Structures are given as C-alpha cells and as structure tokens.
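> Here are the chains, one letter per residue:
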Amino acid sequence: MRKISYIIQMKKVNINFQTIYLKLQEFWAKKGCTVGLPYTSEVGAGTFNPLTFFGALGKEPLNVAYIETSKRPKDGRYAENPNRMQQFQQYQVILKPVPYDVQDQYLKSLEYLSLDISKHDIRFVEDDWESPTLGAWGLGWEVWMDGQEITQFTYFQQVGGINLDPISAELTYGLERIAILLSGVNSVFDLPWSPKKTWADLNKEQEYQFCVYNFDEANINSLSKYFEECKEEAKRLININLLYPGYDFVIKASHTFNLLDARGALSVEQRNNYILEIRKLANIAAKKWIEMYS
Amino acid sequence: MDRNVLIEIGTEEIPAGYLEPAARSFEKGLRDLFSSNKIPYSKISIFYTPRRLAVIVENIAEKQERVVNKIKGPPAALAYKDGKPTKMAKGFASSKGIAIDSLIIEKIDGNEYVVAEIEQEIKSTTEIFKENLPSIIKSIEFPKKMRWEKTDFLFARPIRWIIAMLGNKVIPVCLAGVESSNTTRGNRLISKGKIKVNPSNYKKKLKDSFVMADQKERRNFLKSLIEKEAGKIKGVPYFSPGLIDEVSNLIEYPFVILGSFDKKFLTLPDKVVISAMETHQRYFSVKKNSKLMPYFISGINNKPNKEIIKGNEKVLTARLEDAKFYWEVDRKVPIKERLSKLSGIKWHKNLGNLFERTQRLIELSEWIGERVDNINLSVLKEGAKLSKVDLTTLMIRDGKEFTSLEGYIGSEYGRAEGLSGDVCKVIEDHYKPRNVEDELPSLREAAVVSLADRIDLIVGSFLAGEKPTGSRDPFGLRQAMNGFIRILLEFNFSFSLDELLKKNLQLFSSIKNTEIFEEIKRFIIEREEASLQNKGVRYDIAKAVLSEKWNVILDSYLVAKAMMKIREDEVEFEKLVIGQKRVSNILEGKTPGKVNKSLLKEKEEKDLFNKAKDIEPALKKFIGKREYIKGINQLKRIRPYIDNLFDNVLVMDKDEKLKNNRLALLYYVRSLFHLFCDFEEIIID
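Line order of the protein sequences matches chains A and B. Under the numbering used here, the first sequence has 191 at position 191, and the numbering climbs by one with no breaks. Under the numbering used here, the second sequence has 616 at position 616, and the numbering climbs by one with no breaks.
Be a bit skeptical, because a hint or two may be false.
25 Å max Cα-Cα, derived PhoX-like pairs, lysine-lysine [claimed, not checked]: (1) A:K23 with A:K119; (2) A:K119 with B:K228; (3) B:K150 with A:K59; (4) B:K385 with B:K271; (5) A:K31 with B:K150; (6) A:K108 with B:K196; (7) A:K30 with B:K192; (8) B:K223 with A:K119; (9) A:K108 with B:K306; (10) B:K306 with A:K119; (11) A:K204 with B:K314; (12) B:K192 with A:K31; (13) A:K119 with B:K205; (14) B:K346 with A:K74; (15) B:K150 with A:K287; (16) A:K119 with B:K303; (17) B:K192 with A:K108; (18) B:K324 with A:K204; (19) B:K204 with A:K119; (20) A:K119 with B:K194; (21) A:K108 with B:K303; (22) A:K31 with B:K194; (23) B:K324 with A:K74; (24) B:K314 with A:K119; (25) A:K119 with B:K310; (26) A:K59 with B:K145; (27) B:K310 with B:K223.
Treat the hints as calculated values from the structure; they're not laboratory data. If you're wondering where the values come from, they're calculated on a predicted model, not measured in any experiment.
Chain B on its own, in the form it takes in the complex:
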C-alpha cells in the first residue's frame, strides 16, 4: 500500500472567490507542518470545489526523521579537570538526563564547551496529524469567517465532514463537532449517500459521483463545453475576465446549457444585455462576427434538461424585460432635458445637488481646458454638462445590475438621440480610470472632465468632513486622486494645482477656508508621493521634489526622474547635495533680503555671485523646456565656488552689514537649487 495521505474538509458551499486562496493557505499550513516536524514526502496536490477543500500528500514518511538537539553546557575548561569530569559536568549531564560519557566537546564562537546531544522523541506521522490538523484547518485564511456550532469554530461556511486518512487507515481527529472518517459526499443533486474513499481512488470515486475535484481540469472542461455549445450556433462565447474561473468554482462538475432569448432585446445597448447575463446570472454571452447573438450559455451543476433551460430563460427574460422597460421609459425624456432633473438629486450633505455639481464641473473643465493644448472647447463643455445626466435615469437609479454602467448609459442614450460621437465619448469616459487596472479616457476632452470630476469630489468631500483616514476611504478619494495623477502624466497636462484648488473652493464659496485648502494640499502631496514611490523614486527624493513642485504634477514627476538619474553617479550627486546643504545649514531657515553688490568685498563672494548670476538664465531656460537633467547639471557648476567661499571667508562676520549681505548671497544661491527641489530633504547614505 502506498503511503499517501488524504485530507478532505467537507463543507456547505464556500463562496467561489474564497476557494483558491483558501486551498493555497491550507497547502502552506501542511508544508510548514511537514518541514518543521521533519516529515519527508514527495508531492502535495490540492483539490477544491464549492463543497470541499482537499489535499493528497504522496509518499509521506511513516514517522519523523531523527532529530538531535544540541544543548550547550559549561565551558570545557571548567567541565573537565585532568581529563576527568568535574562536578559541573556531572550536574549538567544529569540535568539533561544523559550519561556522563556521552557528553561531547564542541567549539562555539571560538571557545570550547561541553555539549549534550539529545535525541528528540520521534513521533509517527499519524500522531503529528492528530495533534496538528485541527489547528491547521482553523488557520486556513478566508476573507470572512462565521460561527455555526457550539465550539465556536470559525470557518468560511460550516464543516460537515472530515476525511483524514493515511493509506487505508483513518487518522482520528475531531473539530467543530465533526469526527474524521473515510467517507465523502458526491454531487448533491445527482449522487446520493456517503461514498467510501481512500487516497488512491479519491479522484476517481468523486468523478463517478459527478464531482470533478481538480479545479484546473474542471475549468478547462467547462470552457471546452461552452465553446462546443457556442459552436452549435456558429457563435463564439465571450469570456469576461474572471467569469470562467468563477463559474467553475460555483459547480462541482461542469454541465452546460444553451438558452435563447427574444431577438427584440438586441436593440438594447450591448453592455446592458451582457450585464443582464453576467452580473447576477453569470451566463456567458455569445457573439458572431463580434455582434451579440440572442443566446446565452450557463455552466450548471446538474445534467441538462429542458426544464432547467426553460427556467433559466425565464429568469434572463425577466431581467431583460426590466432593462427594456428602463430603456423605453428613460428615452421618453431627452437627455438634455434631464439636466434640470439633476437638481432633485442631493449629492452630499450641505453640498447641494447634482445640478450644482454639474455647473462646477463645467466651469472646472473649461478652466483646465483653457490651460492645455488641443481641446475642442464646445465638445468639452457639452460633455461636462451632460456627464451626470444618466444618474436621473431609471436604468441607473433603479437597475441594480446596470448601475455600474453609469457613463456608458448616458452615452448610449445620447447616441440614440443623435448626439455628437465625441460628446458621447466624454460622457462615457469621464469616469475612467475607475481603478488601477482600468484604461484611461480615450479623448482629451474626456480626460479633462475626468480631472474636474475628481478634484470636485475631493474638494467637496473634504468640505463635508469626509476625509480618508487610515483604511477608511468611503468616497474613494485616494483612488480618485491616483487616477487624477495618472491622467495628468499620460496626457502631459500641466497647470497649477494650487490655482485649480482655489478655483474649486471658490465655486463652493469656501475660498477663505485656508485650513481646508491646506488639508487638501497635504492629501494631494501624500498621493503624489505614493505615486512617485510606485514609480521607483526614492522617498527622500520624492519628498524633496514635492516640497517645491507639488503644484505641477508633470514637473514633479520629471524632476524626480532627473534626480534619480543624477543620483546614479553617487560621487557627483553627493557633491551637489552637500554644497547646498552647507548653504542651508548656515541660513538656519533665515530669509534675508536682497544681495547688495557693493557690499561684496572678498573675491570668493564676488565669484560665487557672478557665477550664480551667470548660470541663472541657462537654469531658467532648461526649466522652461522641462530639461531638468541639464538644469540640475548647471547647479554643479557653482559648487566649487560655494566651497571656496566657505573655506576662505567668514560668513558670520562681526560687521553686521557684511554678515547679512553674505547670508543674502547664500539665500540667493539656495533659491536657485530650490527651483528644482528641496535638497535639505535628501539623505546621503
């Protein structure tokens, strides 16, 4: 008989999304157990379906490997005198329960010590399982756990049976009121009663009972069945990301049905029809020449029959009827007339309604639109104006599975009414990117409205006291700002955030609220910092750059990139940074006035001043062209003059006038550095 182990945790249906991570966590728990207890094995395989998490461990050892623990005793010099064990050695040996002559001497950290070698008690694999399996099962990770019985065991769903077997023998364990056995259950709809298994026939016996325990096999089989079914109607199934994995984890054995619906529903926008199929029902849609067909395919857990098909068709038809009802009722009110209806929808506590929000979006969009290139202002304005009107439609307000289509619905209604394609695109795309993986808006105008939408959400939420704290961010402000930054960088937009914020606060009639302004500014800088660090910028450089450049995100990004590049040459970089640090240190945060040229007495101070004046135009030219590496390299040219000044001139002269003028000179030099970033923040390793 092979020495294979089978563990199966039989449960009530575990949520599809929980399965794979849970199986991995179970596997890891076992691997850790085997390695910490020195139990060799050749292979672990994991299996899972909605009703079970299982592992098979192949060729596992019967018992632990021999483990010898070494315990350090007294120094050898004290333990033996004239080759004979002292009292100390005897005491040590007896305290460890070993004979005096089995002590050995070993060199530890250069000194010789007496060492006792103690063989650990060797346990059988069965015993190790008995002792540890409950706690390993208990520590399987799930997003949410529940209680259901009196021992208060926590698991994703109730555990109803446990198999624990080594070869043909049951390993007795008990947890959550369930005792281990050698019986499992098959597909609950087709197979009845308990099924006796062992590690060798587990997979096969389950398959005979319509359970395909291997997820990969189940998924691939399901996929091929779906493709075959679509082939029957000369169509191609549409696999939305993740859908096939999810469906394969909703069933224990794949069967599929092909159902149809009335063609009349194909007049609805594609995404509406697909949402009706996917969001709740998890059906696969079918396309032919990239056009939707009036069919759907569903993965099911039982052998197909006409009644099952009819039942599913009815459900889908009801959902599509709902969508059609919304579509028809909504279209009675043209979307331009919906603008005023926005005033009936409150946006936020004390912050007015969606009509007022839209007015702000129009103004903010225009403000940004005037500051970036290649914007069609009339498309921009119209798009901003209509961006939120679909929130007044039944499809969005009431449609449950369709609410996630906001934007898309507005654009589809617009298209159906003959609105310009670009305006529709702005309506559809201004929500993008919805998350890190989402794509960016496809039109510049849509990108601008997206920026307006995001900043207004952020400013509004801060005004309403809804700021993100810790892991709480109910209005998704961090995500909104991350998208804002992404858009600015991808579209190369540059304008002053400071001014945009003030404009937005003014639109809320809160321009005097400087406290809120500072809070929002801090929030924005924090997001910019995270974004820079995500792009591989060191935290100190990010901080340094943002303290000067937060206002124009494109610049902060380019300067940070330049600084990272320059930093590659460490020696040069250090020179640059230290030069400016010497300047800053002596200034101690003072801000003296202008340099008086006639008071520059020493050659060194004249030189520094002239050199700085000399490079200033070049610096500004490069900054204007956003050529920051070249700009920063100009700074290197004044470094020797700074050193010269410090080495040969006493800045803190007794003469107050001279001293102040020298400080003014240094302050001027510092200001040139600060055209790029705050060098004081930079840490030299």
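This is chain A alone, in the form it adopts within the complex:
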C-alpha cells in the first residue's frame, strides 16, 4: 500500500507550479496569442493590466496571454490558512473576437496540463463578473473542477464604463489552485513550485510579513493622503494626454484603497465612495484611450 502511494507521489512530482505556468504559456502561444508580461504596479487582478484594460477597448483583434501577480490585501490570513493569500498568481488570456470554440480551447488547455477531463467533474457555473472599481463587467462563469473554482471565464460587455465592440473573452486561471489540484498536495504551502522549491520556500515569509503590514502596520494617514495624490495625479496626467502614466496612478489609487480597506480604516459608506472615485478615474482613462487611439 505504501509502495503504491509512493509511486503515485513520484508520478505527480513532475507536475509543479512552474510546469503548469510554462505549459499554459506554450499552449496559448501556439494558439496564436502574444505572450505579454505582468504589470509593474500592484494590481488586484489581471484585468488591470493595460494589455487587458485598454486592449479590450477598440476594434482591433487581440489575442494576448500573460501571468499576473495579483494582490488583494484583505484576503491574507497571515500565512496560516492554506487557501487564502493576499498575493496569488493569475494566468490571463484575452481573446478578441471570441473564437467560436472558445470553451473547447479552454478545456484543451486543461488537457495540455495533462489533466484528463473525462475523469473530473468540470462545470461552467454562472458567475457574472464585475469589477466595480474598473467599471468593468461581463457575463460568464466560474469554472469548477470537482467543486473547486479554478478559472473565471467572462465575456466582457463593458470596460471603464464603455460598451465593448467586439466582445472579448477573458479567461483567468487561478494558478495556485490548479497546481494544488494537479499535484495532489493538500495545501498551498506544500505546493511544489519547481522540482527543488515549494511555494512556502519562495513565498511564505513574504506572505506573512505583508499580512502584518496590510492588517496591522499600514499607515492609514499617509495612505489616505496618498490616495488623494494618486487621484489628482491620475486626472492631471490623463488630461495632458499622458494616458499610460495617468492610468498607472489609477492603479496605484486602487491598490491604496485596497490597503485602507484591509486595514479596516473604511466604513461601508466611505468604502463605496472610494470605489466610486476609482471607477470615475477608470472611466476617464478609458474615454481618453478611445479619444487618442481609436
């Protein structure tokens, strides 16, 4: 009995975080996607990356795929809960226009990760995605594998408050979750990142320290001020057609808001106001993009 489980273990050792990431890059590159890069400021989701935010606007076809380190300060658990982290990796694919067989392509990408879909319960469960700060929303699903959500699959209808034409499909893979499932470990901490390192080796200390910062140490006063500065700077820069730096400040404002929120510094009402302000900025940026480039 022990021997058998050892063999299974051995077989699965080949699957780790980086093989999954590399295989997805390979798969989507072969499908004709341009492989992009993660953004340089802190983002809450791959959608913030200009590749997606601006890419989804306008008429030109776009097929792009990239990994994105997503930071959601509020979701941290001091590296104690193996399912909740303040930082995680998303694999983001944007397909515009949407190919006829987009769902099949997605399922094939899972098979490409050596997942036998005929042996799993994979389902597309209604989940209409919305990013209130980005003024973006779409209809689609969360994709479940054996009860676990592994991907968000969305047909964007609006970004930055602007109706899209043509529509883009956004696939967002939760890389840690998929890797945990495929490698058979029980916790993100034990997840092999490479044959030599685990997730914990690379991330655990950092995860813990950021949680302490997010929840306990972040300076509320200076963050509140910084939010205002980002807001003004975003408006100013966008106004003088420095769209990309301006949009970068929209992203910074959004992350600053997330920190204040995690820190418990905002009432429900304030929270709504912050969201509204960021959405306004996102809308200004999207409009400017259209004015300048389409």
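We have chain A already, so just place chain B on it with the hints.
The following block gives chain B in isolation, referenced to the frame of chain A:
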C-alpha cells in the same frame, strides 16, 4: 415518417435559474406562431439542460390551413343597379384582383355591402419556420442577455449550434452566425463529437450520450440517487427549498457522490455547516434523527470516481476550516464586550456608527415595549442591546457565505456563552421577517426589537437622503415597512406611529425637521395603503381610512375591514356616505367653532344636535373596544336627521350668527364621521 418538428438551441452553459422560464417563453413563442399562422399540431414538449433549450412538436401540419380574408367593399345599393354591377363594383373587384362574379353581398352592421373573399397564400410549415424561427429565438426572455459575436445577437449565453428539423429534413435557418443542422452534442465530459439526431430519436440519442433532456426526469432521478446514497449511511438528505431544482439544472445527466468531512466540524452551529455546504457548493447535507452527519452529497455531471470525491472533500474542508477559524477567533471576545466595538463600524453617512444605532434601538424598543402587553422588559432590553453585536464578528464581516446568517450567529455565540435562551432568540429573530415569505419573530420581545430596527432604518435612511424612488430602494425600506406592518397586525400591537416617529427623530436630534417627518409619514401611509389593498381593501376605502387612522396601523386595518363589510350592503352604504358628503360639501373645508346651543332655532337642527350628542358616547365606547362595525352603524342613525335639516332648513341663513352656528353643528357632525375615516374620499360607483 411522422411529421414531428425538433428545434434545439445549443448553447454554452445557461444559468440554472434562467432555464425553466426561458423554455416556457420559447414554447409560448412557438404556440403563438402556430396559432397566428393556422398550423395545427397535436403536442409541444419542452426540454432543457444547461447546454440546450429544445422543443418537439408532434404531428404538425405540412402547411397552413386555408385562410380566407374578407374585405369590405362599397354598399350593395351602390355596387349593383338593376342586378348589374356598377362601375364602383368593377373597380373594387379589379383592385382586389378578383373576378367580378366572385363578389358576394353580406350584411354588416345592418347594411348590405359588397365583400371580396381573398384566399391567403398558403405557406408550408417549413417556410413559416424559416421566416420566423430567428425572431422567436431572439425574443426568448432571460433576466440578462449578452452579446458575443458580430451580428450582435442577444441571448443568455452564446449559441453554438441549432437544430431545426421537420421529420428527417433540416429546416435551413441562420442566426447569430450559426446555421441549422441535424447534429447535437452530448455531455461535454463523457461524450465526444457531434451526434446526428431526428425528432423521433432525439431523447434516446441524447441519453446514450449522457444527457437527460427532460428536466422532470432528470430532477426526479437525481433526487432518487441522493436518497439512495444517503440511505447507504442510514441518513436522510436535507432538501433546502429550491436546491434540488437548481442542482438538476447545473448538470446534464445526474450522477451523485457521497463525501465526508471531519466530525470536528459538527461542533459548529448547524446552519453554519449547512451554509458551507449549500451556499456556494450546492451540496446536500445529511441528517440522522434530525442531527447533522459528517457527510455531504453532491450532484455531478460525470461518472463518479475517487478523485472527484477527494477534490470535493478538500473544497468543503477548506470552507469548514474557514468557518471554524472564525468561530474560534470570534469566541475569544465575549459578545457583551463586543458592544463597544460597534462604535468602530460606521452605519451610514452622517448618521454615526452601529453603537449609536444600538443605543437608539434600546430606547425605541423600550418605548414600544412599555406600550404593548406581555413584554419582559429585561429580555427586551438585553436583546436590543446585543442585537447587532454579531456584526463585529469575523464570521459575519468576512465569511462571505456566512454573512447571510446575521442574527443567527449572534444568538449562537450567545448560547455558547450561556446567555438566556430568550435573549438569544431576540438576537436571532429580530431580522424577521426578511421578506414576504419569511416567518415572523417567534417572541414578542423579538417582534418589538424588529419594529425598532425597522423604524430606525427608515428614519435614518430618510435623514441621510436615501429614500426609495421608483424601482430604486437600495436600503430595502419598502420591505422593512411591509414587515413592520405585518408584525403589528399579527401581534395585535397598537401604539401611535406619530409619537414613535417623533421619538426616533428626537434620538437623531432631528425633532425639528418637520419636512422629513412629513416625508416619512407619506412613505408610511403609502406602504399602509399597499398593504390594505393587498388584503382586498378597495383603494378609496384604504385612502379614506388612512387619512384618519394611519397613526395606529391595527385600527386602520380594522376600520378598513369594517368599511368593506358595511359596503357589502350597497344601499345602506350609499346612504351613510352621501349623508356625510352633503355635510362636507357645504362646509367647503371651513372649520367653524363650537355649537352654541341657544342659537339652535329650528326643530330640525335641535334634533340633529341632540341625536348626535345622543350617539356620541356609544360611538366612543365601540371605538374604545375596536368594534368598528357597531360604531359605524351608529352613524347610520343620524343620517335621517341630516337629510331633514338639509330638506327643511336653509343652512346659509342671512343671519351671519345663525349661519355660522349651523355650520358649526355640521362640523361637529362631520367630526363624528371622521372618528372612523374620511368619507369624502369614498367613491360611490
């Protein structure tokens, strides 16, 4: 070959809740099409799964039935002279493209006219489908629709294939960039490739490919599988309302798995464990002797295996771990100590925090508690004080699927700390009724706190400028007020709303804000009116009653009921209403002073005055006892005296003194009517 039609719209996964209404709307679209085009058929059956909406129409006619349209022409008298067609008749016939001798004469509305009978072009059923199917599919109703391709077709989710067949023949249609064919797809996980079907083998072929297209069959089969699985562990599955229907619409073919979780999680409150299973995962919990077992059953879309079970167990365990983490961390702070933490949570713009809100709830609860019977004031006060403390717990603030358990969580923490059962019940129940279907609080004290909670929400929201407008009611104020009314009526509570409102405004230090007071009053009356109308009270009676009785909801309800009862005898009712209307009309809204008895000169005015004085004590006695039918019947007794006065005395006498005194008399009489309602509002049909 049978003449059956098969239409299948193959889609990407449509949300479970959309399916049944969409299938009905599709069916209706087709039925309307067949009836307006005169195409007979024997039966329509609808099928749906997450990936398809389908219909089979049995024994459909090959083509439309003969339709003759009749077109009215000129009057017969002008169309024929001496039995011969005139120019006019000839012109009419030729304009309709028919021979002159096929015109007929018919009587229409008593006059004879020339009529042309024109046979409509008969189209084949296939043609009718070709022309109309796209627009019928387009008008299938969904709560939300999306665009996905370049023709901008709108549908719940992308359409990926269409089957349209009459017998073995494909009906060619094209929509959303998809052309019809005779091939469908099976279960996406188990079956590969396209499957050729026709109307006769559709169901069977799909079943072979692990799609059970008949929803009822799928649901019942799923249910029996779940019961069987629970039986294996000698348990009984718990079917929350709607869950089995939802799950059966998340899958194309039912398979089930039985999974387990660590017993240690059963120390958590039942509803927490059940929420972890149901809210997101849509699992069925299992009970034995009404106690939860450490098992769950899930309906899945693929053949079960160990890996699927293990995967699901992991997910549930993570959710339960979360709950356990919250439960343990939360319990480190006793709920009484949480009261002060409420001050850290803002409630509303400019309206302070939840601690301040709680202070108001305590005062309002006490105020109401002192005005109704059988209230244990210490339970009431303690319950009000602790009603919101669970909003400071992680379970509620952070727990996503557990946030809907507010109230319940507070009471469970209270129970775990040994708080009195009644106080816990107040905490748990003060949110009830959450909606129209929800039950009422089980304790009178909980009902009182619920009232306080609701009125404070309403007053606070109005002060913050958040009033419901049109379909917008972000704070659920209408629902809150509807629940308020329900509680008052069910518990027979009566107290002055006017005073409660003033008390609440005072607690917000806004007692001088009479404008807001009037706005809230209008809002409340509007809800009361809706509630009365829902109970079958005519709108005019509701209006009439509320204009006098809005202040005490129980009274408004009872008077309205009495008025509806009295209204059943129309003749009597009319007498009652008209008598008072005569009085009101002459008063024209004037409010004269008191009656001076010595100025009552005529017999008729003396009689009316004496009679009114005579019935006044009885009126007030019945009102005191809330016997409104008897009370109103007293009014009928003065009706003849009113008529007598009007018939024999000139109210508007030249003598200013006499005139004013008569008006004062009538005003006094009117005031007796108004003890019940404003009769002027009542409309006599």
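> When the structure is checked against the list of hints, which entries are broken? Sort them ascending.
none
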